[in-house]
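Asks: Protein sequence lines correspond, in order, to chains F, L and B.
For the record, in the first sequence the residue sitting at position 149 is 149 according to the working numbering, with numbers rising by one throughout.
Count along the second sequence from 1, add 219, and you get the number used in the working numbering.
Count along the third sequence from 1, add 770, and you get the number used in the working numbering.
Worth flagging that the hints you see were computed from the coordinates, not collected in a lab.
Treat the hints loosely; a few may be bogus.
[Unchecked claim] Pairwise CB distance ranges (calculated): (1) Leu803(B) x Pro683(L): 45 to 55 angstroms; (2) Arg994(B) x Ser292(L): 27 to 37 angstroms; (3) Val55(F) x Ser247(L): 49 to 59 angstroms; (4) Arg968(B) x Leu541(L): 53 to 63 angstroms; (5) Asp287(L) x Ser1059(B): 50 to 60 angstroms; (6) Leu654(L) x Glu978(B): 56 to 66 angstroms; (7) Ser292(L) x Lys821(B): 38 to 48 angstroms; (8) Gln684(L) x Val55(F): 45 to 55 angstroms; (9) Lys821(B) x Leu701(L): 26 to 36 angstroms.
[Unchecked claim] Quick partial rundown of chain B residues pointing at chain F, CB under 10 angstroms, derived from the structure: (10) Lys788; (11) Glu792; (12) Thr796; (13) Ala842; (14) Gln1024; (15) Leu1042; (16) Pro1043; (17) Ile1047; (18) Val1048; (19) Pro1056; (20) Glu1061; (21) Leu1062.
All residues carry an ideal CB built from backbone N, CA and C; glycine is no exception.
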Amino acid sequence: MNGSTAELRARGLVAEQFDDAAQQHATAQFGIWVFLATEVLFFGVLFAGYAVCRVRDPEGFLLGSQHTEILFGAVEAAILLLSSATVTFAVNLIRFDERRVVAALLATTALLGIAFLVLHGVEYSHEHDEHLMVGVDFAQHGPHARGIELFFFLYYAMTLYHSLHVLVGVCVIGTMGVLVWRGRIRGEYTTPLVLAGLYWHLVDIVWIFLFPLMYLIGR
Amino acid sequence: MNATAITPDLPELEPPRSFYTHKSGLGSWLLTTDHKRIAILYAITITLFFIMGGVAAAMMRINLVEPDGALLSAETYNKTFTFHGVVMVWFFLIPSIPATLGNFLLPIMIGARDLAFPRLNLMSWYLFVIGGCFTIACLLLGGVDTGWTFYTPFSTMFSNTNVILVAVGVFVTGFSTILTGLNFIVTTHKLRMPGMTWFKLPLFVWAMYAVSLVMVLATPVLAMTLSLIGLERIAHVGIFDPALGGDPLLFQHMFWFYSHPAVYIMILPAMGVVSEIIPCFARRKIFGYRFMVYALVGISVIGFLVWGHHMFVAGMSPTATLVFSILSFIIAVPSAIKVFNWTATLRRGRITFEAPMLYALGFVGLFMIGGMSGLMLAAPALDIPLHATYFVIAHFHYVMVGGTVMAYLGGIHYWWPKITGRLYSEAWARFAAILMFFGFNFTFFPQYVLGYLGMPRRYHAYPPQFQLLNVLSSAGASILALAYLIPVIYLGWSLFHGARAGNNPWGARGLEWQTPSPPPKQNFLERPVVQKVYAYDEPSPDGQPASGATA
Amino acid sequence: MSSGGFWHLLPNASTNAKPLDELWWTMVGLCALVAIGVFVVMFVFCIRYRKGRPADRHLSKETLPVELTWTAVPFLIFMGVFVWSLTLYARSRTPPANAETIYVVAKQWMWKIQHPGGQREIDTLHVPTGVPIRLMMTSQDVIHSFFVPAFRVKQDVLPDRYTQLWFTAIKPGDYPLYCTQYCGLDHSKMGGQVIVMRPDAYARWLDENNTGTSLASQGAALFRTKGCSGCHGANASVHAPDLDGIYGRVVHLQDGSTVTADDRYIHDSIMLPDKQIVAGYAPIMPSFSGELTEGQVLAIIAYLKSTKPGAQPAHKGTKQ
């Protein structure tokens, strides 16, 4: 039993099933890793589907990929990488009680996430104009039209699920920022922020795989 | 770490309060984070689903009394077996033991005060209920006719029923399963009380741990696969549709990548329950504890590598067939070990035959028959004629109903005194267990014969030469239905009028028997004593005598 | 096999059935042996070690040898069964070279059969005894499965893909045919009969049902009317591959790989021409998906199989 446990228990931050704060923190961290493992399997299905369909029509996938906008993809990748950096700084600085800096970093992270979503929205609207929106307005011709259609089906499935994760991440990181600002997360009690950071990194990593598979293969 | 009290920083509880009386009112139940209360919420919900699935089964059995279908139209029959499958698999079998007995007992068995994430646990029940609502809504809006396996392209491009609604239901329920599994894994790793080492864990806990691994790693695959079905139905494009360049077998691979491990989600907990009951009533340590542990974990791991044996006639390559076949034979080895070990546990024991023991012995027999018929299906040459016939139906009902349901009921009887604090009528319980065993065999054994003779599954009508066996099976089903009804009555009676059970009515070992029945909110009033696992050869901390070497 | 009871419902009507039944009954025997063994042991233990009965209850400490034994023994038995099963499986997957091909198209909820001689049937399949028959099957909609219990054969029938099974019928008679992959409303009605005849009777049946045009000549007619010959024909001005004698040949593709021109390849080349492009040709062929039924594609394949290489003069188109 350490001193911080008594303090945190007094603040109502150590749940009754835990002996001390250290156990609670270790448990929560283990939990998020297990959760991230399920996320990997969740996205794994889409990657497996992508692999199978690409093997069946490699040409179509290359052509499909050429319809994506690499500038957007690259900027989005940069945004997410940057946001991963800001969240890492936030997680590391919270120990030093840099409340303002950490809150600012988290706000930046959330804003970067929003920027990502906005850019992706713009990208979707461009694709809509080019009649690439599978299931809504898709009109491509030529011998590989079906391969392109399948490519874009996967593109939407994967990027939409990814964007959904970004959206959840923005909300979570935003909430963390507010909690840090209000001093609810500080000093000895940083667990939620650490977990949110790990989740945000997963969102980032998924994009690191999506970016080459969607934008780079055809170029 | 704290060495004196189990609840170091919290005020002492008043001793007589059980978790039932800790708080009262409907709100205290619906917003509870107590794993024991959530277990009871689950128990009530899955019982309702079991009844619904059972009614569907009864309708099918009545229909099959006559070759042309005695009761239902082809359309209704197809929807009925789909509903039966969906409800029984996702809303009864998968949550059955883990979400009720596991939820209730896992923390107690390892000396914890609750699961690691109690609010997540409650959320998981709500997700389960929401998923269930979607499924029932789908039934009310006309049902689904794809079969519980949702094979494409039928489910994506041809079925005109509410596939999306039921897919959403299963999707949501999937997350309930994932959260339960996550909770169990983390709890087992991090919340074991001091002294409770991995190899002192009861096999029930090991089974929960092994099954949670499967839940956490397989269920997301199902969720995403079903969501792709939904997307494909909405967009009329997708990776499963051959007409669009997709792969018609891809869905089957993805589906069985989940659904084969899912059968281990259903059977591993049952093995855990039986591994508790048999040592208790044989009054000796389980034979080969470590082998049992390795077998449990081995099954859960190899279980991920055998999905292709559902596809031997689906058009898969011969190489894949070879690999999946040999792996399927290999996974039968740990199951065989378990059967032998349970049997060997009886040797030199001091056996009594209370109802839970009867269920457990019934389980071993039926599971063995079901498992061995699975071996025949693992051999590709034999799978060719047997695949998708009633042989397969009989095989998995022996494992799922003869195995899992028997073990679930055995577990409910075994821990009933702990959960409710009361005893039930032993005579009725034994009668029901025996009746169930015979009713079950009566129902499903004829289906092995039907399958060998070539009657395909999912047939609303069938050639007249199969009638005799079908009538036999339906007759058996009516006995089985009766056998399932009896416990509802005497257990219901026990709830209000049963004799008080005391802490340890069976003289069992394990931490859960060292706390009052029903347990207090905090699970233990005083710190329990960790013994060796299944320490029937030494006195228990609550004064139960050791089971001596000679009579 | 025993002839009494239910078993007469499942005759051995193909060469496949007997070896399979031997494996099956061996497995049944083995399983029964183990099951009875375990039940007897359980029963004896339950009696001998029931509470209150005096007995020696000392437990031996050394359990590892026992456990290793009953891990290894089942494992070895399983491997034996596996190898046995595999040899039968390999046999069931490799039709003999002299097998006669009959084409099957499945659709909700019927089986359409096309004989090489042009004879067509629905939900019935006539075959002779003693001749290996290879069924080349595809589906027009969902997945079906072709199952004849008396022959112990079953194979799923997939859309957009050819699957095959083979058998040699040995006993004349009518045998039920079932669909065993759930395929919608009338799944249970999607059945029929396989009628096995002596070769002479079969020849008579073929004669009586002769439509005058063989499947290959039906295919040849389609090849002309659907416009294939416009590009692939001898006098075509378009630069398209010569298809005479294409069947079974090795084709070089644009991406540098090679494929053997089997049924699947020809089917896909007609329905999904952009999937595999032959080296040296522009991808200009339109898809016939929707134009042709699966049955018509099978006829064209039969026609291409019947053609001999070298019947055409060299291409007139310009090389690219």
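Asks: Report the numbers of all earlier hints that the structure fails to satisfy, in ascending order.
Replies: 1, 2, 4, 5, 7, 10, 11, 12, 13, 18, 20 and 21
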